[in-house]
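Mind docking chain Y on chain A? Use the hints.
So the sequence lines, in the order shown, correspond to chains A and Y.
Residues in the first sequence are numbered consecutively from 87, following my numbering.
Residues in the second sequence are numbered consecutively from 87, following my numbering.
Honestly, the hints are just simulated from the structure, not real lab data.
Be aware that a few hints might be false.
Given that identical chains are not distinguished, each listed pair holds provided it fits within a single copy or across any two copies.
In silico DSBU-like cross-links for lysine-lysine, where the CA-CA straight-line distance does not exceed 30 Å [said to hold, decoys possible]:
no.	residue 1	residue 2
1	Lys170	Lys293
2	Lys191	Lys170
3	Lys117	Lys170
4	Lys191	Lys343
5	Lys117	Lys250
Protein chains: 2
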Amino acid sequence: MKKSPTAEIISVGNELLIGHTIDTNSFWIAKRLTRFGWTLQRITVLRDSLEAIQDGVRGALRRNPNLLITLGGLGPTHDDMTLKGVGLALGKRLALNPEAFAMVKARYSALEASTGLTRFRRKMATLPEGAIPLPNPVGTAPGVAITIDKTRLVSLPGVPSEMKAIFTGSVIPILIASKGQAPLEVSIGLVGIIESALAPALDRTRKAFPRLYFKSHPRGREGGVRTLIQLHVYSVDRESRVQLDKAIAYLLRELSKSAYSGPKGQEKPARKMLES
Amino acid sequence: MKKSPTAEIISVGNELLIGHTIDTNSFWIAKRLTRFGWTLQRITVLRDSLEAIQDGVRGALRRNPNLLITLGGLGPTHDDMTLKGVGLALGKRLALNPEAFAMVKARYSALEASTGLTRFRRKMATLPEGAIPLPNPVGTAPGVAITIDKTRLVSLPGVPSEMKAIFTGSVIPILIASKGQAPLEVSIGLVGIIESALAPALDRTRKAFPRLYFKSHPRGREGGVRTLIQLHVYSVDRESRVQLDKAIAYLLRELSKSAYSGPKGQEKPARKMLES
Numbered sequence: 087m088k089k090s091p092t093a094e095i096i097s098v099g100n101e102l103l104i105g106h107t108i109d110t111n112s113f114w115i116a117k118r119l120t121r122f123g124w125t126l127q128r129i130t131v132l133r134d135s136l137e138a139i140q141d142g143v144r145g146a147l148r149r150n151p152n153l154l155i156t157l158g159g160l161g162p163t164h165d166d167m168t169l170k171g172v173g174l175a176l177g178k179r180l181a182l183n184p185e186a187f188a189m190v191k192a193r194y195s196a197l198e199a200s201t202g203l204t205r206f207r208r209k210m211a212t213l214p215e216g217a218i219p220l221p222n223p224v225g226t227a228p229g230v231a232i233t234i235d236k237t238r239l240v241s242l243p244g245v246p247s248e249m250k251a252i253f254t255g256s257v258i259p260i261l262i263a264s265k266g267q268a269p270l271e272v273s274i275g276l277v278g279i280i281e282s283a284l285a286p287a288l289d290r291t292r293k294a295f296p297r298l299y300f301k302s303h304p305r306g307r308e309g310g311v312r313t314l315i316q317l318h319v320y321s322v323d324r325e326s327r328v329q330l331d332k333a334i335a336y337l338l339r340e341l342s343k344s345a346y347s348g349p350k351g352q353e354k355p356a357r358k359m360l361e362s
Numbered sequence: 087m088k089k090s091p092t093a094e095i096i097s098v099g100n101e102l103l104i105g106h107t108i109d110t111n112s113f114w115i116a117k118r119l120t121r122f123g124w125t126l127q128r129i130t131v132l133r134d135s136l137e138a139i140q141d142g143v144r145g146a147l148r149r150n151p152n153l154l155i156t157l158g159g160l161g162p163t164h165d166d167m168t169l170k171g172v173g174l175a176l177g178k179r180l181a182l183n184p185e186a187f188a189m190v191k192a193r194y195s196a197l198e199a200s201t202g203l204t205r206f207r208r209k210m211a212t213l214p215e216g217a218i219p220l221p222n223p224v225g226t227a228p229g230v231a232i233t234i235d236k237t238r239l240v241s242l243p244g245v246p247s248e249m250k251a252i253f254t255g256s257v258i259p260i261l262i263a264s265k266g267q268a269p270l271e272v273s274i275g276l277v278g279i280i281e282s283a284l285a286p287a288l289d290r291t292r293k294a295f296p297r298l299y300f301k302s303h304p305r306g307r308e309g310g311v312r313t314l315i316q317l318h319v320y321s322v323d324r325e326s327r328v329q330l331d332k333a334i335a336y337l338l339r340e341l342s343k344s345a346y347s348g349p350k351g352q353e354k355p356a357r358k359m360l361e362s
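Looking at chain A on its own, in the form it has when it is part of the complex (with noise of 0.2 Å):
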């Protein structure tokens, strides 16, 4: 079985951990990174300090992701500090990078006349060294790549909209590039089964089937009505996939073995729908 490549989050924002705004930025990235066959290992969210970024971006370096992204922080005010903080992780200086400077410029010349090129502007032009940076479509701050041993590192705005783009541009290549397989994913729906009643049946299963990952999801309260089943196999060799199919007859008939002795009040067996 091919081992998937990793990946690391670091979303940077007091925002973020005062309740103000949720990180769906780090959602959306899981989602890409799982379709690519990438396993996203840890997101880990940090207030706007130096210290705070510097201990991250060391402490993720150490368990040597395949790729670390980090959000946030790059643009023009005194509180964005990631790539202070990322040259500091790396023992780097920062310093004014001219093809940065130069992408910063021309997107300034389209939005405005008069005004020059301040030290804020400058600021987001200004990379730890042996950085490169990635064209920003929709915004000002570039993205930032700097490779770390056998880590690619990538810095993106937490603007939404200008992370999005310089993902779509620059970090999907780097996925396609080291492309894992895409995991096979069964979700089975169950009414009327609390996830405790189901357990040693999907446990059962489990040892039956050692090379596939199970997992179930309460919905709603135990005790209430439904749980999700999801199956998942990281590797789409045509065994696998009869592997997955085997296992899938297996789970139900192990499930309905034990329906009967489910909750109170249950007269029927347990309805199970196959969702996929």
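The following block gives chain Y in isolation, referenced to the frame of chain A:
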């Protein structure tokens, strides 16, 4: 200025890292921590992996937060392994906790008649030594609390209704007992000024009022129409209140000075709205 008590969240579940589920739990908790004057320092999202949980909990404890909340992985199935991971991180054995077992038993006797307590249900009452169970009024798996040095570690289920019920019953009292100063917050929405154009004014205001915390959030695209500035004060004494009023007046004055050098095609000075 009184130091704000600190918290971290560790949210466990593969579904959060494959783009299946968005971590609304952490967001919900972040709001409440902020409201009670606590500072959420970091959110870490981890896979259902013993090694990841052990590493994540150890890392968080090294940073000595006053409160460490883990979310998810308390249920009956094989991939619910948070307490085992916490036990490994703390070097504590897991054992059946009689008080927790009584809670689980009481819950199931309300739900069903015939089925005994399987090992899956015993699992939900198996806690690290020294831990105490927290009542779960709407589900089966109790929450778990344990104190390590100056850190209170609380493990809550991932099902939102259960998490919220235990948080409200057992965690809010902890927040109140060490209540910090809830920040005064003022948001100023600016229309027609791009973030980098207001950076100089914001920077001067920041220097004039070093005790205040400022943050600007671009809304929409850079070059677009709206920027939100937030001012926070982490102290609610009379002097802070006065400082906040002065800072708003100062900032608006600085902004009106620079408004005419704004984006091309901007004839009128930027409209300013004092939202609160």
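Each hint, compared with the structure:
| no. | hint | verdict |
| --- | --- | --- |
| 1 | Lys170 with Lys293 | between (49 Å within a copy, 20 Å between copies) |
| 2 | Lys191 with Lys170 | within (21 Å within a copy, 54 Å between copies) |
| 3 | Lys117 with Lys170 | both (29 Å within a copy, 28 Å between copies) |
| 4 | Lys191 with Lys343 | between (69 Å within a copy, 24 Å between copies) |
| 5 | Lys117 with Lys250 | both (12 Å within a copy, 26 Å between copies) |
Hint check: no violations occur; every hint is consistent with the structure.
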